[in-house]
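K.L.:
Residue numbers (full-length UniProt numbering), protein chains in the order written: chain A, 1 to 257; chain B, 1 to 257; chain C, 1 to 297; chain D, 1 to 297.
Just so you know, the hints here were simulated from the structure itself, not pulled from any lab data.
Using N, Cα and C, we set each Cβ at its ideal position, and we do this for glycine too.
Check the hints yourself; a few may be wrong.
Said to hold, decoys possible - The following label-pair restraints were derived from C-beta to C-beta distances:
no., chain 1, residue 1, chain 2, residue 2, range
1, C, 14, B, 167, 30 to 38 Å
2, D, 189, A, 229, 34 to 42 Å
3, B, 217, C, 249, 47 to 55 Å
4, B, 47, D, 286, 36 to 44 Å
Said to hold, decoys possible - Here chain D is said to cover these stretches of chain C; the calculated rule only asks that three of the stretch's residues, wherever they fall, bring their Cβ under 8 Å from a Cβ of chain D:
no., segment
5, 133-143
6, 248-259
One letter stands for each residue in the lines below.
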Amino acid sequence: MASDRYTDRELMVTTAAREIEDGDTAFVGMRLPLIAFQVAVSTHAPDAMAVYESGVVRDSPADGFIHTMCDLPNLDRAVATTDMIDIMSRLQRGDIDVGFLGGAEVDRYGNLNTTRVNGEGEDIRLPGSGGACDIACMAERTVLLMPHEPRRFAEEVTYVTSPGYADDGNGRNNHPAPGGGPSALVTSKATFGFDERGELYLRSVHPGADVTDVLAAFPWEVRTAEDVGEGVVETTPEPTDEELELVRTFDPDGFWT
Amino acid sequence: MASDRYTDRELMVTTAAREIEDGDTAFVGMRLPLIAFQVAVSTHAPDAMAVYESGVVRDSPADGFIHTMCDLPNLDRAVATTDMIDIMSRLQRGDIDVGFLGGAEVDRYGNLNTTRVNGEGEDIRLPGSGGACDIACMAERTVLLMPHEPRRFAEEVTYVTSPGYADDGNGRNNHPAPGGGPSALVTSKATFGFDERGELYLRSVHPGADVTDVLAAFPWEVRTAEDVGEGVVETTPEPTDEELELVRTFDPDGFWT
Amino acid sequence: MAASREPLDVAVSRIDAGSTVAAGLALEHSIPFAVGHELLRQGVNDLSVIGPISDLLFDQLIGDGAVSEVRAAWVGNVSAGTGYRFRDAVESGEVTVENHSNFSIALALEAGAMGVPYLPTRSLLGSDIFEQSDQFVETADPFEGEQIALVPAIEPDWAIVHAQRASPHGDVHLWGNTGIVEPAVGAAENVLVTAEEIVDPDVIKSDPSRVAITREQVTSVVECPFGAHPSPVAGHYNRDNEYYLRYNRQTETESGFEDWASKWVYGVADRDEYATLVDADLEITSPTVAAEVQYGQ
Amino acid sequence: MAASREPLDVAVSRIDAGSTVAAGLALEHSIPFAVGHELLRQGVNDLSVIGPISDLLFDQLIGDGAVSEVRAAWVGNVSAGTGYRFRDAVESGEVTVENHSNFSIALALEAGAMGVPYLPTRSLLGSDIFEQSDQFVETADPFEGEQIALVPAIEPDWAIVHAQRASPHGDVHLWGNTGIVEPAVGAAENVLVTAEEIVDPDVIKSDPSRVAITREQVTSVVECPFGAHPSPVAGHYNRDNEYYLRYNRQTETESGFEDWASKWVYGVADRDEYATLVDADLEITSPTVAAEVQYGQ
């Protein structure tokens with residue numbers, strides 16, 4: 001843990017929350033994004049809305065901790081509790097600004113794998129896509145979240161569950177997925193962007209993390225903001241006191257964070 | 001009017017009602033079928049259900065006169081008030097046993113026109129299909145209802161709004177519509193069936209009507225039940241007292257009947 | 001991305017001449033006549049109107065010359081049959097018609113709502129709605145080889161919906177049959193919602209499964225009691241059938257239509273004044289109260 | 001064509017070995033665990049299970065050897081991640097998996113419900129869900145020429161749904177998010193509904209817009225309070241998260257799963273006895289009552 005004020009996952013949540021802009025419609029899935037949306041709508045993005053593939057639409061935090069999108073506090077006083085075809089149709093017609101995705105593996109083009117990996121020569125089966133493939137294909141932009149662990153950064157992912165960019169240098173231009181593709185990867189140590197070719201670059205390191213150390217986890221030479229003409233590698237802002245208090249209100253026992 | 005006990009349209013309603021079998025799901029549209037379903041479910045078909053393309057599902061008569069499927073007595077205490085995609089999907093997946101259709105013109109294969117006709121050399125525009133084309137294409141069987149008027153019986157209809165059978169002698173076998181096609185035509189003077197080739201034949205004449213007179217309204221030589229090996233031309237049963245009372249309960253001012 | 005809550009005239013002023021407008025979406029239920037009449041008062045014309053069976057609304061817009069194109073399954077008067085203004089305008093070539101079935105217009109809007117270029121159907125083939133149109137495509141299903149029809153998406157500029165209640169943000173409770181309201185709202189670029197009541201957002205949020213439309217689709221939300229007369233609104237008022245019959249008798253000729261419009265459209269400043277002209281008793285005298293439902297935690 | 005109202009064991013006895021069964025359709029909400037456990041008690045096996053994200057239900061069926069095929073987007077434990085019985089069964093080749101996304105399984109069932117051979121989507125292309133499968137087809141949209149994917153219909157033998165209340169005829173009130181309940185019910189040959197309460201038909205008919213399932217689709221309707229535990233049911237009980245975590249810890253090994261099943265499945269005669277084993281406080285302590293709605297005439 002990089003700080004005694006907050007955990008790595010608390011920082012990931014507040015960093016993810018900042019990727020939601022005011023007025024956005026965010027597609028929220030499992031785990032950390034459940035908390036991140038609630039932080040965003042309570043701080044800088046009061047007019048953001050969240051949709052959840054089970055059919056929930058919300059404009060406000062749940063009044064109680066939620067383990068899943070379907071926990072009753074997330075259904076209670078929602079803007080709407082509808083169905084998956086409705087929510088996925090919003091996504092497919094281009095109305096979702098940002099979606100959140102996790103993954104067991106990611107490559108330099110933001111292709112994500114949550115289906116199966118190779119561990120010590122044998123296939124390990126993971127739970128699968130859920131709605132991740134759909135979000136990856138069709139959201140205007142996606143934010144990827146994962147622990148900063150070398151085994152998760154792959155030259156080539158074992159299975160493309162959720163497409164990122166093509167490897168032809170044209171990002172999404174010749175790619176069959178209509179959405180905009182990944183805009184950020186937030187790990188437990190750093191935040192990465194994707195350049196116009198669709199390739200990952202280091203945008204900021206989290207407080208206490210070291211650039212060399214961060215980049216050493218990757219099997220390829222990761223470029224930095226400087227390398228791609230996007231300014232300098234910043235230090236990721238720490239969670240504010242207000243943000244931390246909100247995270248701990250929404251996740252009082254630190255179940256997710 | 002053939003009787004002083006009932007009007008032509010009252011007889012058409014009770015005759016149409018008998019085309020609904022117990023347990024059927026009937027697709028009910030405008031006008032006379034609104035009354036016919038209510039008679040059927042009150043008499044011989046207590047387990048029949050009705051669906052209406054606006055989204056209504058009913059298992060019982062409306063508690064009040066209805067001009068349209070969306071009049072509040074038809075929505076009140078319905079089994080469900082849902083939407084058109086739901087109702088049309090039931091039709092498309094083959095769950096509708098019988099549908100009712102009216103028409104300005106019909107040909108010998110049960111093709112119906114409700115879109116435009118030629119009157120004295122000029123086109124006359126009619127309201128159009130509504131859901132009729134869909135019912136004609138996809139219901140297991142359809143019952144056609146129209147006044148017995150020569151101008152309505154055409155060698156070739158001006159516009160096929162609602163397909164009947166093909167003219168190749170194979171009925172629906174090579175026809176692109178998946179439903180079963182017309183099973184009966186009920187006019188104000190007679191009831192017709194369709195043989196296995198898909199061609200109209202006279203099944204019964206209404207009380208007081210004369211076979212020769214009935215057939216004279218057609219521009220082609222209409223065959224009879226005898227001609228197609230379906231027994232003899234019967235006399236259509238009169239409405240029972242119970243049926244008439246029901247018709248007059250459901251349509252107290254004779255608005256439709 | 002919430003809707004603007006505003007008066008009817010302001011909301012309708014957002015609809016430009018030449019727009020494609022879907023309306024009459026719940027079939028004979030809750031037809032947005034108040035919006036239709038305000039469109040006429042504001043002289044918005046060259047409209048392309050889209051709907052399943054419009055039951056008078058389109059006939060009125062056509063009669064006043066506001067429409068150049070009709071994309072619909074049925075235009076008339078459900079109580080009386082013919083819509084004379086529609087019939088005359090088609091026969092004289094004043095409006096063009098794209099013939100649909102109810103399901104084809106539903107699927108076209110559903111394709112728009114789902115964000116796909118088309119939806120397949122087993123309806124249409126064998127009809128002249130298919131044969132005499134170049135809008136649809138016949139294709140062999142690549143899985144089983146069956147012939148099916150493809151209905152291309154329609155994405156109207158506007159969908160117009162009258163509902164029972166809405167929040168000022170534009171989240172909408174709607175009940176009774178809804179026809180193709182949801183496909184049209186999903187497909188449309190803009191949505192104008194008129195509601196019998198604008199209510200506190202807490203009312204809407206007390207029953208999120210009742211919400212048929214959410215705010216991000218809605219441009220304007222207008223409180224407009226009696227906004228669907230003469231059509232019925234579940235829980236609010238019954239159908240004014242006599243009105244339909246009178247309209248039928250009055251509008252067989254163009255000059256009859258003008259007389260009708262000069263009273264019911266141009267003779268009133270707004271919907272409140274319109275309501276004073278209606279003398280039928282449409283009150284709900286046998287209310288049915290929905291069984292209680294709880295959420296909570 | 002009404003449903004049979006009958007006890008859970010009778011209803012489940014209608015499901016043959018080798019059936020294709022869609023369940024867990026409302027995602028983490030109202031999962032029909034009671035039916036799942038009864039399937040195990042009756043030894044119904046060789047099932048092909050179909051669903052979006054099953055959150056334990058499929059893991060339990062798989063762990064007990066009842067499943068030969070999984071057609072799903074996600075199988076695991078939403079509170080804890082891995083579903084160990086699923087993982088082991090896939091890795092050992094005991095079950096085969098057809099990988100879907102949530103939307104592709106939704107569209108497959110929606111195609112079945114709509115009665116069309118397939119539905120088109122802009123999702124899937126570019127993923128290995130598409131590339132490593134022969135179930136989908138890529139095609140050029142004949143209208144605009146865009147490349148899209150076609151998802152073929154799935155028509156399960158059974159869809160299993162747990163709801164808040166149903167009439168003895170099988171008409172069902174369901175609220176809170178519904179996921180893909182409606183597509184699955186429309187697509188399925190048979191539907192088994194368990195409900196917290198069987199109510200008088202008048203209760204259901206007092207609110208026809210709340211009806212999500214109508215009787216002609218339903219084979220059996222069963223009163224089964226607490227039938228979705230440990231998943232939550234809006235208006236009835238909260239999620240028992242501790243149960244999910246304990247299950248995760250207990251079932252990492254096959255023998256651990258057997259211990260779990262011997263207590264929670266085989267150690268009880270029925271759902272009533274099951275309920276006596278649950279000690280978590282899942283009561284709704286802050287109920288939200290839905291705002292009143294009227295119909296009538």
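K.L.:
Which of the numbered hints above does this structure break?
P.N.:
1, 2, 3 and 6
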